[in-house]
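Okay, here's what each chain looks like letter by letter:
Number of protein chains: 2
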Amino acid sequence: MLECLRHDAALVEAELDRLLPLPERGPRRRLQEAVRYAALGGGKRLRPFLLLQSARLFEVPDARALRTAAALEMLHCYSLVHDDLPAMDDSDLRRGRPTVHRAYDESTAVLVGDNLLTEAFAVLADPATHPDPALRCRLVAGLARAGGLGGMIGGQAIDLAAERAELELPGIEELQAFKTGALIVEACRAGAILGAAEEADTKALERYAQALGLAFQIVDDLLDAEGDATALGKPVGQDAAAGKATFVGHLGVEGARRRAEELVDRAKEALTPFGPPAETLRQTADFVLTRRA
Amino acid sequence: MLECLRHDAALVEAELDRLLPLPERGPRRRLQEAVRYAALGGGKRLRPFLLLQSARLFEVPDARALRTAAALEMLHCYSLVHDDLPAMDDSDLRRGRPTVHRAYDESTAVLVGDNLLTEAFAVLADPATHPDPALRCRLVAGLARAGGLGGMIGGQAIDLAAERAELELPGIEELQAFKTGALIVEACRAGAILGAAEEADTKALERYAQALGLAFQIVDDLLDAEGDATALGKPVGQDAAAGKATFVGHLGVEGARRRAEELVDRAKEALTPFGPPAETLRQTADFVLTRRA
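These protein sequence lines map, in sequence, to chains C and S.
Position 241 of the first sequence, counted from 1, bears residue number 978 in this note's numbering, the numbering being contiguous throughout.
Position 214 of the second sequence, counted from 1, bears residue number 951 in this note's numbering, the numbering being contiguous throughout.
Extracted from the complex, chain C is given alone in its bound form (with noise of 0.2 Å):
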């Protein structure tokens, strides 16, 4: 499993390499070096491989799905800069390197941030993308849906909002399907696009993206109470000392890690209907479990 997802990371770090190129000279340069800074060399790529994992069910190849499997990459690293800036969470480290205001400074991050959900639609918009225009639109629409007020920017604002420590469970777990959910559901609904899937299959891989999402969040909050950060890259132990409302701090590490896998095997039912193809979307569910970063 561990294979495919670094496999896939790979073909995904190639396109934005592509898609995010150099100016020759002059201060662009400066800027388009920060953005490949925030783009380039890191993370899982779980939302791309969710993407290119979910078209291939529909016999997508890669080459057709990698640059929106790309533009939604850009949009998670735009939402992951955004946030880390001094006046958000004022977070230091990333990925195991000096966040984009850390590594240039503040003005730098908001202009990378900004050009990664510009470029992201420039991608989605352009006909290399796909040959049918209306299903460019609906890629793009699908991702300002789960990059807007009803996905990542609204779960941002209820994350920030000060209400945050007196979230109950309910209200935890709607924070997070805005704030991380949408985008992971957006990715196997992008994968169905591309797919021209039928109604009934996309509803399962919502299903399955749903659940996905959830669990992956809630290992989140795990990984963060246990607290090794040099596996994971990024301080630990920071919404608890905030005073911020998480899933440990209601289940308890027992209970969360129950949840989690409650809802990790309610993501592999929603994958009966493909059958053995669905196989490493099946693996995708228990590596969310069991990861160490």
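One should not assume that every hint holds.
[Said to hold, decoys possible] Coverage of chain C stretches by chain S, computed from C-beta distances (three or more under 8 Å per stretch; other residues unrestricted):
#1 782 to 795
#2 855 to 865
#3 882 to 891
The hints are simulated quantities; they were obtained by calculation from the structure and are not laboratory data.
Nothing here was measured: the structure is a model prediction, and the numbers come from that model.
Glycine residues also receive a C-beta, built at the ideal position from the N, C-alpha and C atoms.
Since the structure of chain C is provided, determine the placement of chain S on it from the hints.
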């Protein structure tokens, strides 16, 4: 002329109001309030006006062009919110009111900009904008180009770089072509796209918009140098105080005014093929020269 700008600004305002509805309650409602604070109730709406007027040349009804005009204005507003941030220009006042990070806080201002940028693409990709998906993809691609490294973000990168102090006249012109020109050109080009314009007509509108955009920026420099903060609704003299090279610094007040006049003449010449229907765009060029705010 001013009447007509005011009329279209009201149409754009109403469209933005529709496109940015408030959620019922909770932290996402507060964020959307800040989004509406940033996008509604101010500004000349010059860019959407240019889009509507360009579209009218090709007999596109306002109802068909308004969503695109609003999306363009969202992109413009996002750029203002992020440019005003403490890490960027650190501005307290915009359109006569506290900037978003002053009226709310810095994290809200980051998210407000991110959301307006995301929403602009969501609006363009939606079938309600135009029934032809290929045309919608061209609008998305155009806006992303104008907003990206070859447009506004590239311009900001140049502007923030230390070298700005040493820019000669061609360098300042290039900076402004990126920073403000690209979106003004895209406004006219989007009107042409919506109107299924011939290539020659599109090129003529681009020449108009390039000259107009540069004239607009030179007049901005003049207004900044002459310094009526109340009329402008923002602080004056900031560029000069920051040691940034400006048109007025290089050409003097008289020379800068002459250069703006030449550009406005050139802009009007570019409209010759369109005859009388382009009269409003001609008057817009004159207005750019005589505006006091």
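Hint check results:
1. 782 to 795: violated (count 0)
2. 855 to 865: The restraint on the region 855 to 865 of chain C holds, since 8 of its residues have a Cβ under 8 Å from chain S and three suffice.
3. 882 to 891: holds (count 6)
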